[in-house]
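Chemist: Sequence:
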Amino acid sequence: MHITIEEYHNDLCRESCPISGKTQKERIIHIVCSPKDEYLVIITTYIPDINKWDKGFKTRIK
11 MHITIEEYHN
21 DLCRESCPIS
31 GKTQKERIIH
41 IVCSPKDEYL
51 VIITTYIPDI
61 NKWDKGFKTR
71 IK
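Going left to right, the sequence shown walks through residues 11 to 72 as our numbering numbers them.
Treat each hint with caution, since some may be false.
With a cut-off of at most 30 Å between alpha-carbon atoms, the simulated DSSO-like pairs for lysine-lysine come out as follows [stated by the list, open to error]:
no.	residue 1	residue 2
1	Lys35	Lys65
2	Lys46	Lys62
3	Lys46	Lys68
4	Lys72	Lys35
Pairwise CB distance ranges (calculated) [to be verified]:
no.	residue 1	residue 2	range
5	Asn61	Lys32	16 to 26 Å
6	Glu48	Lys72	19 to 29 Å
7	Lys62	Thr33	17 to 27 Å
8	Ile71	Asp47	16 to 26 Å
9	Arg70	Glu25	30 to 40 Å
10	Asp59	Lys35	17 to 27 Å
11	Lys62	Lys35	20 to 30 Å
12	Gln34	Lys72	15 to 25 Å
13	Asn61	Glu36	30 to 40 Å
14	Lys65	Ile29	16 to 26 Å
15	Lys62	Lys32	17 to 27 Å
Hint data in this document are derived by calculation from the structure and do not stem from the laboratory.
Even for Gly, the Cβ is constructed at its ideal location relative to N, Cα and C.
Go ahead and model the full structure; you've got the sequences and the hints to work with.
Modeler: So this is what it looks like as structure tokens:
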């Protein structure tokens, strides 16, 4: 399962979005991807910084 947490409409790869998910060991990860008609481009994957995201890692702290 994943949750789309933001949308980037004018990114380098056209439209892209970070999604939030969990690893098999229940660790939160963010995956920035760009959906295409027949495939999904993975741009980067990272472990979110607790100082930059809310407790649920779904909203960026401004």
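Chemist: Hint numbers the structure violates, sorted upward?
Modeler: 6, 8, 9, 12 and 13
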